[in-house]
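Novice: All chains, please: the whole structure from these sequences, using the hints.
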Amino acid sequence: MINTAINEMIKSSGEWMRGTGPEAEIVISSRVRLARNIRGFRFITKMDATERGTCEALIQEKILEAKIAPVGAYIPLHKTEGIDRKFLVERHLISKEHEDAQHQRGVAIAENEAVAIMVNEEDHIRLQVLQSGFQLPEAWKLANRIDDELEQRLDYSFAPQLGYLTACPTNVGTGMRVSVMLHLPALVLTRHIEKVFQAVGKINLAVRGLYGEGTEASGHFYQISNQVTLGRNEEEIVKNVQDVIPTIVGYEHRARQSLLAKDRKRLEDRVWRAYGMLKYAQLLPSDEAMMLLSAVRMGVHLGLLKDVSLRTVNEMFIYTQPAHLQKLTGRNLEPLERDVRRAEFVRTKLNHTK
Amino acid sequence: MGMKCDVASCENEATVHLTEIREGKKHEMHLCERCAAEKGLPGKAHFSISDLLAGIASQAQSQAKPARRGKEAACPVCTTTLTQFQSSGRFGCPECYNTFRDDVQGLVEKIHDAAQHVGKVPRRVSSEISLQKDMRQLQLDLKRAIRKEDYEKAAAIRDQIKQIEDRLQIQEQAAEAQPPIKDVPAAPPKPAPPQNPGAKKKSDGGEKK
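Just so you know, the sequences run in chain order Z and U.
Take the first sequence: its letters are residues 133 to 486, numbered as in our numbering.
Take the second sequence: its letters are residues 303 to 511, numbered as in our numbering.
Hints listed in this document are in silico derivations from the structure and should not be mistaken for laboratory results.
Since we're looking at a predicted model, the values are computed, not measured.
Built from N, CA and C at the ideal position, the CB exists for glycine as well.
Careful: at least some of the hints might be erroneous.
[As the list claims (entries may be wrong)] Dumping the calculated SDA-like pairs for lysine to any residue here, alpha-carbon to alpha-carbon at most 20 Å:
{"hint": "1", "chain 1": "U", "residue 1": "Lys412", "chain 2": "Z", "residue 2": "Ile335"}
{"hint": "2", "chain 1": "U", "residue 1": "Lys435", "chain 2": "Z", "residue 2": "Ala291"}
{"hint": "3", "chain 1": "Z", "residue 1": "Lys371", "chain 2": "U", "residue 2": "Gly421"}
{"hint": "4", "chain 1": "U", "residue 1": "Lys412", "chain 2": "Z", "residue 2": "Asn358"}
{"hint": "5", "chain 1": "Z", "residue 1": "Lys334", "chain 2": "U", "residue 2": "Cys337"}
{"hint": "6", "chain 1": "Z", "residue 1": "Lys143", "chain 2": "Z", "residue 2": "Glu447"}
{"hint": "7", "chain 1": "U", "residue 1": "Lys412", "chain 2": "Z", "residue 2": "Gln359"}
{"hint": "8", "chain 1": "U", "residue 1": "Lys435", "chain 2": "Z", "residue 2": "Gln293"}
{"hint": "9", "chain 1": "Z", "residue 1": "Lys327", "chain 2": "U", "residue 2": "His332"}
{"hint": "10", "chain 1": "Z", "residue 1": "Lys327", "chain 2": "U", "residue 2": "Lys306"}
{"hint": "11", "chain 1": "Z", "residue 1": "Lys334", "chain 2": "U", "residue 2": "Asp415"}
{"hint": "12", "chain 1": "Z", "residue 1": "Lys327", "chain 2": "U", "residue 2": "Cys337"}
{"hint": "13", "chain 1": "U", "residue 1": "Lys306", "chain 2": "Z", "residue 2": "Ala331"}
{"hint": "14", "chain 1": "Z", "residue 1": "Lys228", "chain 2": "Z", "residue 2": "Gly341"}
{"hint": "15", "chain 1": "U", "residue 1": "Lys306", "chain 2": "Z", "residue 2": "His324"}
{"hint": "16", "chain 1": "Z", "residue 1": "Lys218", "chain 2": "Z", "residue 2": "Gly146"}
{"hint": "17", "chain 1": "U", "residue 1": "Lys412", "chain 2": "Z", "residue 2": "Val360"}
{"hint": "18", "chain 1": "Z", "residue 1": "Lys273", "chain 2": "U", "residue 2": "Val423"}
{"hint": "19", "chain 1": "Z", "residue 1": "Lys327", "chain 2": "U", "residue 2": "Met305"}
{"hint": "20", "chain 1": "Z", "residue 1": "Lys334", "chain 2": "U", "residue 2": "Glu313"}
{"hint": "21", "chain 1": "U", "residue 1": "Lys412", "chain 2": "Z", "residue 2": "Asn365"}
{"hint": "22", "chain 1": "Z", "residue 1": "Lys334", "chain 2": "U", "residue 2": "Lys412"}
{"hint": "23", "chain 1": "Z", "residue 1": "Lys334", "chain 2": "U", "residue 2": "Asp308"}
{"hint": "24", "chain 1": "U", "residue 1": "Lys412", "chain 2": "Z", "residue 2": "Asn336"}
{"hint": "25", "chain 1": "Z", "residue 1": "Lys273", "chain 2": "U", "residue 2": "Val420"}
{"hint": "26", "chain 1": "Z", "residue 1": "Lys327", "chain 2": "U", "residue 2": "Arg336"}
{"hint": "27", "chain 1": "Z", "residue 1": "Lys194", "chain 2": "U", "residue 2": "Arg426"}
{"hint": "28", "chain 1": "Z", "residue 1": "Lys334", "chain 2": "U", "residue 2": "Met305"}
{"hint": "29", "chain 1": "Z", "residue 1": "Lys327", "chain 2": "U", "residue 2": "Glu313"}
{"hint": "30", "chain 1": "Z", "residue 1": "Lys327", "chain 2": "U", "residue 2": "Asn314"}
{"hint": "31", "chain 1": "U", "residue 1": "Lys306", "chain 2": "Z", "residue 2": "Asn336"}
{"hint": "32", "chain 1": "U", "residue 1": "Lys412", "chain 2": "Z", "residue 2": "Gln293"}
{"hint": "33", "chain 1": "U", "residue 1": "Lys412", "chain 2": "Z", "residue 2": "Ala338"}
{"hint": "34", "chain 1": "Z", "residue 1": "Lys327", "chain 2": "U", "residue 2": "Ser311"}
{"hint": "35", "chain 1": "Z", "residue 1": "Lys327", "chain 2": "Z", "residue 2": "Gly351"}
{"hint": "36", "chain 1": "Z", "residue 1": "Lys228", "chain 2": "U", "residue 2": "Gly391"}
[Claimed, not checked] Output of the computed footprint for chain Z on chain U, the stretches with three or more beta carbons under 8 Å from beta carbons of chain Z:
{"hint": "37", "region": "374 to 387"}
{"hint": "38", "region": "391 to 400"}
{"hint": "39", "region": "412 to 421"}
Specialist: The structure is reproduced here in structure tokens:
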């Protein structure tokens with residue numbers, strides 16, 4: 133099925149990619165996710181097709197009724213093409229698991245992509261608020277308000293002792309996962325990233341890569357998130373993550389300054405080489421593009437590069453992902469074609485922006 | 303916390319903690335990220351929570367009394383067994399939390415280092431809880447009034463109790479308006495609502511939660 137909502141989305145970049153908001157040079161985005169299940173239904177793995185259908189229809193109806201998302205903003209994923217589902221993963225609007233699943237499921241997208249409600253994921257409802265820059269309390273406030281709206285219309289599975297009951301016991305209690313995406317190239321270059329892992333591990337937070345996989349190759353993006361969901365209230369969980377971020381951001385700033393002070397020529401060379409490659413390369417594999425964009429992004433922030441804006445760099449990160457490229461081109465591309473198209477896209481962007 | 307990496311020549315702090323069960327014995331390893339990677343072990347960043355969870359659950363089970371073979375307990379609502387839970391790390395329905403209460407409790411405490419939810423409560427549940435609290439108080443008042451032979455007051459209290467019962471029942475009916483789970487006997491059997499609810503009769507209904 134051709135999805136018009138997705139074809140509209142490709143034309144602009146969503147709320148969280150704006151490259152604005154507090155600490156936006158280092159903090160890419162702030163995210164709050166709530167897991168909820170509906171009383172009277174089994175969890176997804178034990179549901180049969182009919183029950184899944186009923187569950188999805190019920191939640192979809194209530195989302196519309198609460199006016200959280202307009203008609204047409206609900207995307208039934210089992211009827212959506214693979215490329216469109218990948219596109220949603222690249223935009224961080226659905227999980228990899230939700231993309232891959234076979235069963236009846238969907239996602240409602242609202243508020244210029246700041247809100248995404250996955251239906252029939254691991255839990256019946258996975259409500260996500262994703263905002264640009266460092267604004268966790270704001271993200272929680274919005275998530276809480278939407279959750280209140282849904283709660284008035286749906287009977288959540290809840291137990292006084294264990295809180296919101298979820299398919300996986302790692303989410304019980306608040307069902308809340310709070311995460312912040314950081315761009316930490318200088319900490320990687322100065323080999324101090326280990327210290328961040330250690331500091332963060334000590335206070336029970338987790339560190340993951342951009343899409344939860346390999347670290348170095350993913351453009352120096354890291355996600356910091358809470359692991360504990362029970363025994364603390366939502367504000368405490370937000371505060372736990374909130375409190376550690378300025379320290380890490382401070383480390384990254386200091387690492388950038390120390391590179392400038394002690395190794396300026398080498399740093400400039402790295403940034404300008406990356407810029408030159410992006411501006412003239414004819415073939416750009418995805419990993420290489422990520423690394424080069426990462427260097428350029430740091431160069432823009434340090435004022436070494438004045439020809440590009442942070443927003444343009446952020447957009448290039450997103451639009452050079454495979455599904456985005458293919459959506460832009462309007463057809464499926466072989467890997468080599470993709471590298472050609474990626475190089476072309478980046479060249480055009482860099483030669484047109486001032 | 304503050305533990306040093308097990309590798310003798312390494313001064314880093316251990317952030318990767320592994321527990322392995324070999325021949326029924328527990329072996330623990332504490333390594334820093336780099337030494338763990340050198341040993342080809344997954345670093346903390348790649349260590350999936352569900353792996354950990356399956357490990358803990360099977361540990362909990364091996365410590366428990368030997369299970370009777372071939373007769374593993376299954377959840378009455380969704381038929382999930384403990385073995386299934388261990389391999390997937392996922393429960394089949396909310397009732398599983400009740401069915402496997404003993405195993406879940408230890409597991410949840412290990413994961414979260416806590417056993418009691420203190421966060422948000424759905425309004426429906428919080429109003430139910432506070433109504434039930436009011437109800438218990440009124441029932442005490444009622445007893446006291448009867449003891450004092452103040453029948454006028456007792457009648458007034460009975461009216462109040464009746465009102466709360468009606469509200470609780472409305473909420474319950476609203477909750478049950480959700481479509482029932484298919485081909486499974488819905489929820490634990492509930493006593494039919496009494497025709498003429500007396501204060502005494504309902505007191506066990508109020509504590510059902």
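Novice: Of the numbered hints stated earlier in the document, which are not met by this structure?
Specialist: When the structure is compared with the hints, none of them turns out to be violated.
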